[in-house]
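2 protein chains.
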Amino acid sequence: MVKENYNSDLYRTGDTSKYLKNFLYDGKFKLQSGDILDKLNIAYETYGELSKDKSNVVLVCHAISGDSHVAKHSEDDIPGWWDIMVGPGRPIDTNNYFVICSNVIGGCKGSTGPNSINPSTGNPYGPDFPNITVEDMVNAQNLLIDHLGIKSILCVTGGSMGGFQSIQWARQFPDKIKSVIGLATSARLTNQALAFDIVGRNAIKKDPRFKEGNYYDAEEKPEDGLAIARMLAHITYVSKDSMKNKFDNTRYEPKEITTEFEKRFSVGTYLAYQGTKFVDRFDANSYITLSTAVDYFDLGGTINEIKNNLKKTKCEWLLVSFSSDWLYPPFQSEEIVDALVSLDKSVSYCSIKSEAGHDAFLLENEVEDYGLLTSSFLKKLSGKEKNDQIKNSSPTSTNIFFNNRLDLDFICSLIEKNDRVLDLGCEDGKLLDELKKKKCSKLLGVELDSKKVIMSSNKGLEVINSDINTGLKRFNDDQFDITILSQTLQSIKNVEKTIEEILRISKKAIISFPNFAFKPLREMLYNQGKAPKLEGLYGYNWYNTPNRRFPTILDFQEYCTYKKIIIKESFYIDSEKDELIKENPNLNADTAIFVLSKN
Amino acid sequence: MVKENYNSDLYRTGDTSKYLKNFLYDGKFKLQSGDILDKLNIAYETYGELSKDKSNVVLVCHAISGDSHVAKHSEDDIPGWWDIMVGPGRPIDTNNYFVICSNVIGGCKGSTGPNSINPSTGNPYGPDFPNITVEDMVNAQNLLIDHLGIKSILCVTGGSMGGFQSIQWARQFPDKIKSVIGLATSARLTNQALAFDIVGRNAIKKDPRFKEGNYYDAEEKPEDGLAIARMLAHITYVSKDSMKNKFDNTRYEPKEITTEFEKRFSVGTYLAYQGTKFVDRFDANSYITLSTAVDYFDLGGTINEIKNNLKKTKCEWLLVSFSSDWLYPPFQSEEIVDALVSLDKSVSYCSIKSEAGHDAFLLENEVEDYGLLTSSFLKKLSGKEKNDQIKNSSPTSTNIFFNNRLDLDFICSLIEKNDRVLDLGCEDGKLLDELKKKKCSKLLGVELDSKKVIMSSNKGLEVINSDINTGLKRFNDDQFDITILSQTLQSIKNVEKTIEEILRISKKAIISFPNFAFKPLREMLYNQGKAPKLEGLYGYNWYNTPNRRFPTILDFQEYCTYKKIIIKESFYIDSEKDELIKENPNLNADTAIFVLSKN
Numbered sequence: 206m207v208k209e210n211y212n213s214d215l216y217r218t219g220d221t222s223k224y225l226k227n228f229l230y231d232g233k234f235k236l237q238s239g240d241i242l243d244k245l246n247i248a249y250e251t252y253g254e255l256s257k258d259k260s261n262v263v264l265v266c267h268a269i270s271g272d273s274h275v276a277k278h279s280e281d282d283i284p285g286w287w288d289i290m291v292g293p294g295r296p297i298d299t300n301n302y303f304v305i306c307s308n309v310i311g312g313c314k315g316s317t318g319p320n321s322i323n324p325s326t327g328n329p330y331g332p333d334f335p336n337i338t339v340e341d342m343v344n345a346q347n348l349l350i351d352h353l354g355i356k357s358i359l360c361v362t363g364g365s366m367g368g369f370q371s372i373q374w375a376r377q378f379p380d381k382i383k384s385v386i387g388l389a390t391s392a393r394l395t396n397q398a399l400a401f402d403i404v405g406r407n408a409i410k411k412d413p414r415f416k417e418g419n420y421y422d423a424e425e426k427p428e429d430g431l432a433i434a435r436m437l438a439h440i441t442y443v444s445k446d447s448m449k450n451k452f453d454n455t456r457y458e459p460k461e462i463t464t465e466f467e468k469r470f471s472v473g474t475y476l477a478y479q480g481t482k483f484v485d486r487f488d489a490n491s492y493i494t495l496s497t498a499v500d501y502f503d504l505g506g507t508i509n510e511i512k513n514n515l516k517k518t519k520c521e522w523l524l525v526s527f528s529s530d531w532l533y534p535p536f537q538s539e540e541i542v543d544a545l546v547s548l549d550k551s552v553s554y555c556s557i558k559s560e561a562g563h564d565a566f567l568l569e570n571e572v573e574d575y576g577l578l579t580s581s582f583l584k585k586l587s588g589k590e591k592n593d594q595i596k597n598s599s600p601t602s603t604n605i606f607f608n609n610r611l612d613l614d615f616i617c618s619l620i621e622k623n624d625r626v627l628d629l630g631c632e633d634g635k636l637l638d639e640l641k642k643k644k645c646s647k648l649l650g651v652e653l654d655s656k657k658v659i660m661s662s663n664k665g666l667e668v669i670n671s672d673i674n675t676g677l678k679r680f681n682d683d684q685f686d687i688t689i690l691s692q693t694l695q696s697i698k699n700v701e702k703t704i705e706e707i708l709r710i711s712k713k714a715i716i717s718f719p720n721f722a723f724k725p726l727r728e729m730l731y732n733q734g735k736a737p738k739l740e741g742l743y744g745y746n747w748y749n750t751p752n753r754r755f756p757t758i759l760d761f762q763e764y765c766t767y768k769k770i771i772i773k774e775s776f777y778i779d780s781e782k783d784e785l786i787k788e789n790p791n792l793n794a795d796t797a798i799f800v801l802s803k804n
Numbered sequence: 206m207v208k209e210n211y212n213s214d215l216y217r218t219g220d221t222s223k224y225l226k227n228f229l230y231d232g233k234f235k236l237q238s239g240d241i242l243d244k245l246n247i248a249y250e251t252y253g254e255l256s257k258d259k260s261n262v263v264l265v266c267h268a269i270s271g272d273s274h275v276a277k278h279s280e281d282d283i284p285g286w287w288d289i290m291v292g293p294g295r296p297i298d299t300n301n302y303f304v305i306c307s308n309v310i311g312g313c314k315g316s317t318g319p320n321s322i323n324p325s326t327g328n329p330y331g332p333d334f335p336n337i338t339v340e341d342m343v344n345a346q347n348l349l350i351d352h353l354g355i356k357s358i359l360c361v362t363g364g365s366m367g368g369f370q371s372i373q374w375a376r377q378f379p380d381k382i383k384s385v386i387g388l389a390t391s392a393r394l395t396n397q398a399l400a401f402d403i404v405g406r407n408a409i410k411k412d413p414r415f416k417e418g419n420y421y422d423a424e425e426k427p428e429d430g431l432a433i434a435r436m437l438a439h440i441t442y443v444s445k446d447s448m449k450n451k452f453d454n455t456r457y458e459p460k461e462i463t464t465e466f467e468k469r470f471s472v473g474t475y476l477a478y479q480g481t482k483f484v485d486r487f488d489a490n491s492y493i494t495l496s497t498a499v500d501y502f503d504l505g506g507t508i509n510e511i512k513n514n515l516k517k518t519k520c521e522w523l524l525v526s527f528s529s530d531w532l533y534p535p536f537q538s539e540e541i542v543d544a545l546v547s548l549d550k551s552v553s554y555c556s557i558k559s560e561a562g563h564d565a566f567l568l569e570n571e572v573e574d575y576g577l578l579t580s581s582f583l584k585k586l587s588g589k590e591k592n593d594q595i596k597n598s599s600p601t602s603t604n605i606f607f608n609n610r611l612d613l614d615f616i617c618s619l620i621e622k623n624d625r626v627l628d629l630g631c632e633d634g635k636l637l638d639e640l641k642k643k644k645c646s647k648l649l650g651v652e653l654d655s656k657k658v659i660m661s662s663n664k665g666l667e668v669i670n671s672d673i674n675t676g677l678k679r680f681n682d683d684q685f686d687i688t689i690l691s692q693t694l695q696s697i698k699n700v701e702k703t704i705e706e707i708l709r710i711s712k713k714a715i716i717s718f719p720n721f722a723f724k725p726l727r728e729m730l731y732n733q734g735k736a737p738k739l740e741g742l743y744g745y746n747w748y749n750t751p752n753r754r755f756p757t758i759l760d761f762q763e764y765c766t767y768k769k770i771i772i773k774e775s776f777y778i779d780s781e782k783d784e785l786i787k788e789n790p791n792l793n794a795d796t797a798i799f800v801l802s803k804n
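As you go down the protein sequences, you meet chains A and B in turn.
Using the working numbering, the first residue of the first sequence is number 206, and each one after it goes up by one.
Using the working numbering, the first residue of the second sequence is number 206, and each one after it goes up by one.
Derived by calculation from the structure, the hints in this document are not laboratory data.
Among the hints, a few may not be true.
Stated by the list, open to error - Okay, derived cross-link-like pairs now, EDC-like style, lysine to aspartate or glutamate, Cα gap no bigger than 16 Å in a straight line: (1) A/LYS735 to B/ASP380; (2) B/LYS468 to A/ASP500; (3) A/LYS449 to B/ASP503; (4) B/LYS410 to A/ASP258; (5) B/LYS803 to B/GLU639; (6) B/LYS410 to B/ASP333; (7) B/LYS416 to A/GLU465; (8) B/LYS735 to A/GLU728; (9) B/LYS449 to A/ASP503; (10) B/LYS449 to A/ASP624; (11) B/LYS724 to A/ASP574; (12) B/LYS664 to B/GLU701; (13) B/LYS735 to A/GLU763; (14) A/LYS738 to A/GLU728; (15) B/LYS641 to B/ASP624; (16) A/LYS768 to A/GLU788; (17) B/LYS738 to A/GLU763; (18) A/LYS647 to A/ASP624; (19) A/LYS735 to B/GLU639.
All figures in this text were calculated on a predicted structure; none of them were measured in a lab.
Produce the entire structure from the sequences given, and follow the hints as far as they go.
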């Protein structure tokens with residue numbers, strides 16, 4: 206018994222919501238292993254109302270220790286594990302969407318699992334419960350969806366193991382689902398994550414009270430092993446920094462709890478508490494079953510393998526990772542993004558800055574960010590045009606167009622209907638939003654700043670959170686008709702590689718940049734002997750400019766000759782006077798726009 | 206029994222080297238806890254010969270699972286745990302140094318520990334063995350040092366827990382040791398590292414065969430718990446990337462080993478093997494004793510606390526961290542460095558790029574780097590001037606002085622005897638090496654590139670591996686007479702902050718930079734309309750320059766006026782002609798040297 210509570214408890218203990226429903230499938234359920242389950246119970250809950258055309262279904266998939274109770278149904282209901290995301294007015298707004306969440310098979314929260322009665326023996330399955338895969342979980346959920354008379358799901362979403370199920374839905378039922386939102390997930394576990402799971406399972410199996418899984422009749426359950434597995438897993442759910450913030454000030458002041466585990470150090474009693482609490486609400490056989498299913502989920506270890514596994518998917522994708530998540534690190538979400546991009550699927554991606562580690566997707570800290578990404582994405586899907594106002598959405602000082610719209614208008618005029626367009630450094634999506642009018646066949650942005658990715662997404666745009674300097678290799682040869690690099694050249698680290706990549710992935714490139722040989726800039730250096738400076742992108746002092754290079758029109762032309770790049774068109778602008786420059790542009794234009802193609 | 210061996214085994218199994226010696230201390234040994242051990246055995250080994258003046262002693266401290274057998278004594282000896290570092294011709298060269306390594310008390314490799322016979326009962330101590338601290342380990346080692354008639358130790362070194370002991374030596378016997386080399390160590394564990402240790406100990410203590418530590422008479426030992434603790438610890442010793450490289454290609458091809466632990470996945474059998482092998486050579490009570498000692502080692506969680514604990518140390522320091530070490534991450538070594546710098550102690554630091562994780566200090570991969578750092582440091586200490594030739598030590602293209610020595614000579618001429626000098630961006634240490642002739646009272650370099658830090662160290666210089674943009678806050682107000690920023694200004698990210706910091710930490714600053722208003726550069730932009738370029742630091746193309754800003758002499762003068770910085774002296778050079786410029790320097794000089802002081 207634990208005396209004292211910690212604030213951060215995410216989950217209830219054993220209680221069951223009175224809103225829990227059960228669906229009994231009275232047939233034979235064939236598993237991926239070939240084994241068959243006679244009858245199947247699926248515990249589930251629903252929120253909101255199914256629309257007449259049944260087009261508003263959101264299926265939420267839970268993580269390893271979750272259950273069907275994703276949120277409160279009413280004020281007097283017990284808390285749900287994702288109350289911050291699901292409910293009236295929440296990002297997954299139950300006023301608009303019909304939300305379904307079911308306990309996975311193999312679990313221990315109502316759906317058939319190792320602690321269920323085996324109809325053929327009258328006793329709990331225990332160790333005889335067959336191996337379950339993520340595919341089996343999805344097949345079971347699909348039975349429920351069929352039972353509810355639903356033909357099409359607007360969105361399947363979940364984090365961690367819930368992300369695995371969401372991805373698996375896209376693979377298994379490509380025609381049934383419109384979209385996936387995968388949070389803090391991956392194509393498969395890293396070997397490090399696998400290793401932690403293995404040690405956890407070994408701890409359970411080596412608990413003498415585990416008795417090879419035959420403990421349901423016994424007085425004592427394998428609580429020590431399960432608690433140790435949970436403690437270990439808990440470390441991997443949070444970040445080094447969040448542990449520091451939580452425990453550094455009270456390092457030697459453990460809370461007074463009753464436990465047989467070590468009570469030194471505040472982090473020690475916290476772990477003891479987490480472990481002890483977990484055994485009250487979870488079944489050891491179920492933990493082994495589910496963690497093994499997680500470990501075997503595998504879309505591949507290379508982009509090509511992942512591509513092969515996602516080839517037949519048809520849905521739109523949103524993937525969200527968290528910077529401090531070291532269990533499902535951002536690079537793993539990016540592997541999925543790379544595969545989807547390379548398959549030319551519709552995908553958005555954001556890596557949210559967070560200190561909370563893997564658990565971030567369950568916590569309030571960053572819910573404003575991933576909540577807004579989720580709600581924008583759902584609204585785009587359901588065709589609701591107007592999105593939420595973002596706080597501080599006023600144009601930032603780094604807005605690429607300042608107050609001058611000439612080169613934006615110019616670039617827009619160069620784009621044609623049905624063009625596939627990639628905008629590198631798309632900022633808050635202003636140019637792409639403008640291009641929506643053009644009926645392009647593809648509009649995609651790349652942006653480094655996650656906050657701007659969220660702003661772009663809120664305009665209903667498809668954006669990938671990535672660094673131009675390293676993130677272009679994910680695109681295929683000639684995947685786009687036009688790639689735009691607007692007023693970004695002067696701050697790019699690796700110019701040669703970037704331009705080479707742009708001309709690999711698109712037929713044409715539109716590159717605009719401020720001209721360093723513009724007359725007033727030249728004169729400033731020549732006559733005054735000072736580092737050139739002029740309102741606009743060269744409006745910084747030598748000591749605080751974010752620009753790292755200073756190309757002139759002539760330099761750029763010579764560069765193209767040297768690299769055998771064809772300049773198809775070029776436009777030179779005096780943005781102050783808002784006019785096109787024909788005569789001696791390298792002297793008279795402050796901005797250049799080049800349309801390039803490869804040799 | 207494990208059938209198959211893995212290649213990467215670092216440690217032998219239970220065997221003992223025939224060269225092991227024992228020192229029996231026949232008195233009462235008082236522990237930090239107040240407890241007393243009656244008699245004490247210290248198992249130790251020595252290598253090389255003690256010099257006549259006894260000035261060549263290197264004490265090596267082992268990590269948690271190590272022992273006194275640091276290296277082979279002869280070809281037919283069993284392997285040591287640090288053969289790559291200790292031996293004839295090795296970085297800790299036993300032809301020059303007399304190396305001592307002893308098993309820590311509380312251990313199980315010959316020194317008194319929980320499995321030793323308690324003289325007062327005639328039975329093993331078991332759970333009655335008192336709590337041991339790192340201080341106790343050092344006190345015991347000191348008994349051995351006294352016994353060997355040694356009054357002064359040239360260097361105490363070790364990694365991980367061995368680093369803790371080394372640091373503790375500096376605190377406890379400040380007059381007895383000349384230096385510390387601490388590898389992959391810290392001022393204390395992170396809460397994350399603490400958490401892993403706690404889970405490991407819980408696994409041991411909950412093994413029913415542990416019997417609260419009274420298992421020595423029993424047929425079965427708490428092998429499952431100890432193996433699980435070891436598996437878990439092993440995960441933390443290696444990096445995510447090294448696990449990927451080791452296991453990704455054979456993920457589903459576990460080796461055929463005989464074990465009761467889970468045999469799924471290649472990483473699983475590897476862990477099972479590591480765990481199983483460990484119980485053959487280690488004692489569970491000892492593991493608990495030592496890991497608890499590690500957990501309580503604590504120099505503080507803030508720089509000020511660490512400073513307080515290191516205030517009375519008198520030795521020279523070398524700290525080495527490894528980039529992928531997430532158990533003792535580089536930032537923790539840097540905390541110690543910050544404290545030592547702020548205490549004005551002599552300290553060098555290098556963060557070595559490595560994929561190997563915490564174990565890097567035991568592995569061959571990066572031994573060339575940390576071996577050279579170690580040997581250079583030892584040679585500097587023992588006054589041996591000539592250091593090793595470094596491979597590829599020819600001047601690199603980024604050498605700040607190219608072939609021109611004028612501004613180097615100039616800067617040297619501005620430094621006086623007894624000056625305390627800091628060189629920011631010291632590269633391979635050329636300037637500092639030159640300044641040695643000046644008999645300065647302090648010469649310290651800061652350099653971002655770890656390879657250049659190693660080159661500087663090899664010149665016998667004191668260098669800190671750090672980023673100028675963020676690493677100056679560790680220095681105290683007026684800690685130096687002169688700080689030099691030579692030909693680095695143009696590539697600095699945060700100029701304002703850097704100059705502000707320089708003038709905080711030193712009375713005077715010498716800043717040299719290439720002048721962007723030099724006539725040929727002006728003319729190139731003005732007449733040709735091209736981004737200025739000239740042999741030397743502005744000798745790059747606009748698209749591949751590492752420079753990120755382009756100051757002129759006039760700009761810099763105006764900046765000083767604006768920031769109320771006093772220009773005490775200024776020198777302008779035409780480095781091509783090798784002459785000083787008096788007339789219109791902003792037009793005629795390609796290089797400027799400013800001597801600044803604060804207002």
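These are the hints, each one checked on the structure:
no. : hint                 : in the structure
1   : A/LYS735 to B/ASP380 : violated, 57 Å
2   : B/LYS468 to A/ASP500 : holds, 13 Å
3   : A/LYS449 to B/ASP503 : holds, 15 Å
4   : B/LYS410 to A/ASP258 : violated, 59 Å
5   : B/LYS803 to B/GLU639 : violated, 27 Å
6   : B/LYS410 to B/ASP333 : holds, 15 Å
7   : B/LYS416 to A/GLU465 : holds, 14 Å
8   : B/LYS735 to A/GLU728 : holds, 13 Å
9   : B/LYS449 to A/ASP503 : holds, 15 Å
10  : B/LYS449 to A/ASP624 : violated, 40 Å
11  : B/LYS724 to A/ASP574 : violated, 52 Å
12  : B/LYS664 to B/GLU701 : violated, 32 Å
13  : B/LYS735 to A/GLU763 : holds, 10 Å
14  : A/LYS738 to A/GLU728 : holds, 10 Å
15  : B/LYS641 to B/ASP624 : holds, 11 Å
16  : A/LYS768 to A/GLU788 : violated, 25 Å
17  : B/LYS738 to A/GLU763 : holds, 14 Å
18  : A/LYS647 to A/ASP624 : holds, 7 Å
19  : A/LYS735 to B/GLU639 : violated, 34 Å
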